[in-house]
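Going down the list, the protein sequences come from chains B and H. Quick note, the first sequence lines up with residues 1 to 253 if you use the working numbering. Quick note, the second sequence lines up with residues 1 to 327 if you use the working numbering.
A couple of the hints might just be wrong.
Claimed, not checked - Below are the DMTMM-like pairs computed for lysine to aspartate or glutamate, each with C-alpha atoms no more than 25 Å apart in a straight line:
| no. | chain 1 | residue 1 | chain 2 | residue 2 |
| --- | --- | --- | --- | --- |
| 1 | B | Lys84 | H | Glu292 |
| 2 | B | Lys247 | H | Asp84 |
| 3 | H | Lys94 | H | Asp84 |
| 4 | B | Lys84 | H | Glu151 |
Everything labelled a hint here was simulated from the structure, so no lab data went into it.
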Amino acid sequence: MNLTGFLALTEREISRFLRVWQQTLIPPVITSVLFILIFGYSLGSRIRDVGGVSYLEFIVPGLVMMGMIISAYSNSSSSVYISKFQGNIQEYLVAPVSYWQIILALTIAAVLRAMLVGISILAVSYWFVPFSLHHVPVLFYFMLLTSLLFAFAGIATGLWASNWDQVNVFSTFIITPLTYLGGVFYSISSLPLFWSTAAKFNPILYMVDGFRYGLIGVADVPVVYSLMVVFVLTALFFILCVQWFRKGYKIRA
Amino acid sequence: MKATADLDHEDTPKLSIEKGEKNMTDAITIHQLTKTYLSGTVALKGITFSIKAGEFFALLGPNGAGKTTAINIITGLANKTGGDALLFGKDVVKDYREARALVGLVPQEFNVDQFEKVSKVLYFNGGYFGLSRPERFNRIGRLLKDLSLEEKRDTKFRELSGGMKRKLLIARALIHDPPILILDEPTAGVDVETRRFLWDYFRQLNRQGKTILLTTHYIEEAEELCQRIAVINKGEIVALDKKQNLLALLERETMTLHLKRKIGRIPKQLQKYHPQEQDAIITIEYNPQKEEAQEILDAIQAAKLPLLKIETSRTTLEDVFLHLTKK
Ligand SMILES: Nc1ncnc2c1ncn2[C@@H]1O[C@H](COP(=O)(O)OP(=O)(O)OP(=O)(O)O)[C@@H](O)[C@H]1O
Ligand SMILES: [Mg+2]
């Protein structure tokens with residue numbers, strides 16, 4: 001097995017986003033701070049407690065998930081798309097590295113970037129609203145699986161996309177709306193029945209809700225459900241990536 | 001000129017494969033390789049050839065002949081439709097990791113991260129091929145020196161000139177010191193001096209024992225460098241032979257007689273040579289292996305033509321090539 005090849009690719013993928021850390025690590029943290037200032041402080045002061053916690057405390061887990069989702073997705077989708085576009089994806093297609101090693105290297109970099117962003121947002125938020133970590137394994141599970149899920153989704157989109165707009169279509173029309181509707185800013189139990197039922201078809205709800213449970217111990221959905229939903233989705237996207245890489249979908253004619 | 005139907009008078013590799021023997025001294029074995037793209041384009045119609053270890057072999061053909069397609073299948077960049085491709089007996093699909101470790105590819109198109117520095121490109125690629133860091137630094141120093149790219153070590157790929165980019169692709173292909181080197185139009189877009197330099201470098205690599213498969217549509221390049229040449233056209237090998245044989249097979253000399261005036265009728269002394277007459281010019285083609293030039297000259301003299309001057313010319317590989325691919 002070519003462990004060196006795998007490590008070199010991982011190193012390359014990590015250096016790719018660290019090289020421009022100002023563009024890859026800082027913006028999501030700033031966005032979160034803005035949300036905290038706008039919603040938490042100015043508007044949130046008029047909102048009463050949600051499920052027994054302050055509004056500010058309620059939105060922090062959602063902000064962390066939002067930052068992590070976008071970071072993991074952007075990292076792998078742009079890496080795959082750009083290297084496909086520039087042709088340098090061929091550098092590792094002609095090398096003696098296997099498909100799963102390529103997927104793993106791309107994934108490790110995306111997960112690392114998401115984790116760095118997630119931990120930074122947590123740290124900055126703590127300065128505004130001190131919280132205790134309610135259930136660390138659950139908390140970590142949602143951080144890890146959510147970044148894995150969106151790393152895989154990013155790889156798949158990067159392979160599928162034929163132009164840069166298509167890379168953005170998925171984030172603009174699917175990820176962003178679903179994140180905003182996914183209970184980042186409100187509890188779905190406060191919605192009318194129809195909408196709270198509709199919200200349950202939104203996969204991001206389970207990530208935000210499960211992570212919120214891990215962080216502050218408050219959840220709308222039983223946490224076991226959330227654990228399972230996220231696991232199944234991650235597995236599905238993983239299988240999709242493996243299949244596409246094996247076939248060389250859009251990378252090998 | 002008359003075409004000979006079967007120009008391939010060597011033992012083709014299909015014989016040894018059909019007997020079930022794997023010839024381990026063959027660096028590259030291509031057997032009945034076919035490729036139909038999803039678009040429906042048939043790029044390869046079943047090509048067969050083998051390249052011995054240490055050989056310098058050219059795949060010569062016009063644009064769209066299928067050269068890059070064949071190379072992409074060998075190196076794992078395209079999926080074959082049928083047939084087999086082996087590198088030192090390793091199947092490029094089944095034993096893809098072993099096969100890929102044996103080959104370095106200089107692709108036709110620049111496929112490098114535009115923002116990566118020269119030394120980093122080599123560093124990462126060395127890694128992909130399993131080289132330890134010290135080995136990589138060692139090879140990088142050596143290759144940058146050999147290809148006079150030392151000054152550009154910290155330059156981003158997109159800031160290199162076209163010729164330097166080509167050289168970097170060559171350095172990248174050699175980073176893991178592979179026994180097989182595949183060059184897909186390696187001198188496209190480089191100046192004459194650099195081309196000469198690269199030719200010398202390729203010859204040197206070949207002398208050191210590397211098997212080289214070169215694709216080109218510069219006939220001069222194939223003639224200059226290679227021992228054997230396969231001519232490919234529209235997805236088929238139309239000729240495969242040693243360079244000299246390929247030439248000899250269609251070797252012709254042409255004698256051109258410029259006359260003072262048009263004569264209208266071919267003198268009978270010359271008729272056995274089937275001359276062509278156009279205005280005041282008569283051309284006689286002959287095979288120097290069969291006919292004596294002196295004999296023809298004597299006939300010309302006997303015919304008492306109003307001669308202005310006589311020119312002779314030899315067919316070049318170019319003529320052979322045009323002849324083979326014009327069908
Ligand atoms: N990715 C692809 N999808 C569909 N058709 C392709 C693809 N790549 C090449 N072809 C077609 O296959 C045929 C052979 O192309 P190929 O690139 O192998 O030719 P070539 O001999 O390398 O030509 P050149 O000298 O121009 O580089 C052409 O008709 C080309 O249009
Ligand atoms: Mg080509």
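Hints, one by one, checked against the model:
Note on lysine 84(B) and glutamate 292(H): the hinted pairing is violated, with a Cα-Cα distance of about 61 Å set against a maximum of 25 Å. For the suggested pair lysine 247(B) and aspartate 84(H), the alpha carbons sit about 18 Å apart, so the restraint of at most 25 Å is met. For a cut-off of 25 Å, the pair hint linking lysine 94(H) to aspartate 84(H) stands: about 10 Å separates their Cα positions. At most 25 Å may separate the alpha-carbon atoms for a hinted pair to count; lysine 84(B) and glutamate 151(H) exceed this at roughly 29 Å.
Hint compliance for this structure: hints 1, 4 are not met, and every other hint is.
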